[in-house]
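Sequence lines, in order, name chains A and B. Mind the numbering: the first sequence is residues 30 to 501 in this note's numbering, read in order. Mind the numbering: the second sequence is residues 30 to 501 in this note's numbering, read in order.
One thing to keep in mind: the hints can contain errors.
Copies of one chain are not kept apart here, so a pair can be met inside one copy or by any two copies together.
[What the hints assert, rightly or not] As a list, the in silico EDC-like pairs of lysine to aspartate or glutamate whose alpha-carbon atoms are at most 20 Å apart:
#1 Lys-148 x Glu-84
#2 Lys-306 x Glu-326
#3 Lys-371 x Asp-382
#4 Lys-42 x Glu-296
#5 Lys-237 x Glu-326
#6 Lys-497 x Glu-190
Read the hints as simulated data drawn from the structure, not as lab findings. Computed from a predicted model, the values in this text were never measured in an experiment.
Okay, here's what each chain looks like letter by letter:
Number of protein chains: 2
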Amino acid sequence: MSTKTKKQIYKPKPISGFPEWLPEQRLVEQQWLDRIRRVFESYGYCSIETPAAEEIDVLTAKGETDKEIYTLTRLQADEDDKKEARIGLHFDQTVPFARYTAAHFNELVFPFKRYAMQKVWRGERPQLGRMREFYQCDIDVIHVDNLPLHFDAEMPKVIYEALEGLDIGRIQLRISNRKILFGFLQQYGIDDQNKIILITRAVDKLEKIGKEEVIIEILDALERYDTNDNLIADDGTPTANVLNGYGEQNNNIIEFARSFIDIAEQEYRSSDDLKEKLTNNENIDTSSPMIQEGIEELSFVLDELSHLPDHAVKADLSIVRGLDYYTGTVYETQLLDIPEFKSSVCSGGRYDDLAGSYINKHLPGVGISIGFTRLFDVLRHNGYIKNTKKCPTDVLVVLPSEDMRAIANETARALRSNGHNVEVYHAPQKISKQIGFAEKKGINYVWFPDLNEVKNLQTGEQLKTDPKMWEK
Amino acid sequence: MSTKTKKQIYKPKPISGFPEWLPEQRLVEQQWLDRIRRVFESYGYCSIETPAAEEIDVLTAKGETDKEIYTLTRLQADEDDKKEARIGLHFDQTVPFARYTAAHFNELVFPFKRYAMQKVWRGERPQLGRMREFYQCDIDVIHVDNLPLHFDAEMPKVIYEALEGLDIGRIQLRISNRKILFGFLQQYGIDDQNKIILITRAVDKLEKIGKEEVIIEILDALERYDTNDNLIADDGTPTANVLNGYGEQNNNIIEFARSFIDIAEQEYRSSDDLKEKLTNNENIDTSSPMIQEGIEELSFVLDELSHLPDHAVKADLSIVRGLDYYTGTVYETQLLDIPEFKSSVCSGGRYDDLAGSYINKHLPGVGISIGFTRLFDVLRHNGYIKNTKKCPTDVLVVLPSEDMRAIANETARALRSNGHNVEVYHAPQKISKQIGFAEKKGINYVWFPDLNEVKNLQTGEQLKTDPKMWEK
């Protein structure tokens, strides 16, 4: 047994769920964020940044995510301070965007196209893979009264380009339109809003839990209503009726569920294929205006995306999105070549009204959001990200001796003014040590200011040159 | 009197102290942040980003800013959750940087040059001009055991270039070295650490309150000690002794203060001028190794900055920085052409040990920090910032009719692939309305896809061209 005499050292770690990266990883993260931003801006989206914190009343206006909010309190707040409004960290970028749009309504130009790339926070229980702080990259367009449908097609266009730029294999956008589901529900006489939400959430799990489980979940959800459509219980456990088989009264629902899942599981190659298959399906009443609208809108979006590669876009009626506010187009995104990333990397849809409630306006919108940090983390964790540089430096200027410092500085200045990132080595140490430092940091070029020569460490090539003229 | 029939509308505002900008302001803010980042990277600084939150114990390790910390609590935390470590938002970027360096010590390459451009939060009482959320732009270099002095010169070099890129007039870096003050204190027999801190804080106010007030404040601070150097009271009110005239026992301190303020108020044109003036000043014992070191270090830094314009660098011994951890070089920065911005826009200095206490190492460093949001806000508020564009769009492609949509999209795609930021107008409305939209958003070029013509809205010039070839 060895005796450890070394002092036990306490290394403070970042808090669980709050990821942080090494410089070489951060360099890749920055490149990714830059590329995404570049694409967002190439479509004219403008950046806005909202504060990290909002009033709790704003955050909980939709009343659905109480559990996840971090509230802020001053460490040494006194009685006076407690009179102030309670504030908390935003848990997404949509709620603050709604508040922002209402607050600055008269100063914005509509249709308002904005992107946001900020961190959001969720007070989740610490758990593997659950993040409490992460970047989201969102685009949204909102307009007053009516928002043209072609923006529904712009979202996946922009996102496809943005993700394509990250070099993470083939991207597939899966698109549906909730009006088809809603029309279907009408057709089967299901019109209670709460029921529709419960059914939507169940159908959303189709790919994960399969057809039979979805039906059980739908029936279970509906069993919680009595015959007067009042909610009886909502504790999430299956009721006796469900476990003992589907009650007689639910035949209608079973029929609905089986028919809908049938069309949700089909493949649609194009808008024509979609129209043909749905029209020829005898379980669908395509005379329903709602269903027709859904099919028309989805077809328009597919047609607008026909310039993308075959694998890039798919109509997928199983995409319904669990959240309750989408009213038309809905999106999810799959990485076809990254089996480790199973969920949707980027989701969104059209909503009927974003911020109207604040200012007595009707503000429909459409938006989509990349779950950036989760994507980056999964790819990093599974070795898909190559990080070869530990710094942005292109050239290390060596310092042959202390009295060469002025010349080394001068060389560095000349190189910088040509757009290169340059460090001067910090001490007149052995040249081999200085080159070793460049290698360790992933700096590819070493400059000898006494010789006016530059060495490419990858090829070994060494050239005489002028710092004012040199190009990589 | 008019009768308002319009419904009273509640417009939710951002929380006081948490600034947010309109798109046109944000566009300038982004340009500024991009330019600063560009300069930081050109010197080889790598980016790191630390989480918004740290354990309270980490944040209060230096025990000085309790009042300002925002703690985080989950809105619906239960008993179990309360066992977790308490966390709070970081109030600067230095404390998290220290924690980061300790946590990843073995994976970093030293000297470690990093920049950080993140928001920080301070739970200040709401008050005009006090911000609770703001960007800081920091650079720091740390090394193990010894950090070469030329990094002390690199800080102002980088910062000068970074601020110069913002086009905000002449920048002046004011530099001193605390060793001169410390040596001076030794010379007068003042060696108690707490006293030194109190004196340093008083001298720091020289420019603001003047010589006599500084002396009163120093004496007052010292009066709070009894003859055994125990602190008697620290409530900030002047003691009777001070108000009734300086006590006999304080002659030494008065002499110190007058002599130090004398050299602090002098102008030094160069390192030679500095050396000459201090050597010829009979109140200074330049044989003191501490004072000599201070003069040598400050001269070295000045000499390394001799390539900058005359106004850009000034030795200013009145700069001592109130905070207590600087041990050598200290910096402040003045905007010479912006009278509305009175305080230092960018400050920092050398510290003896950053994170060593965590990991049993000696890690000296030097760093400097731009108070970005305050700078931006003051300049914005006083009309120094021109924002002419409300979006990043270069070209608006008009939509002459619905059946031209495919061609308009095609045109936009071609322009984008040449690096332009392009929007297609959202509806086939009157051309004058579409042009009006471009004007309102500050978009300079309007493209007519039916004619393959582009119009420059500033000059009125309209040209036939090809979207694949066109350059602005």
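Status of each hint after checking the structure:
Within a single copy, Lys-148 and Glu-84 get their C-alpha atoms as close as 17 Å, and across copies as close as 19 Å, so both meet the 20 Å cut-off. In this assembly of identical chains, Lys-306 and Glu-326 lie within 20 Å of each other by CA distance solely inside one copy; the values are 16 Å within and 81 Å between copies. For a Cα distance limit of 20 Å, the shortest separation of Lys-371 from Asp-382 qualifies neither inside one copy, at 31 Å, nor across copies, at 45 Å. In this assembly of identical chains, Lys-42 and Glu-296 lie within 20 Å of each other by CA distance neither inside one copy nor across copies; the values are 48 Å within and 47 Å between.
Taking the closest pair of Cα atoms, Lys-237 and Glu-326 never come within 20 Å of each other, the shortest separation being 27 Å inside a single copy and 66 Å across copies. In this assembly of identical chains, Lys-497 and Glu-190 lie within 20 Å of each other by CA distance solely across copies; the values are 19 Å between and 37 Å within a copy.
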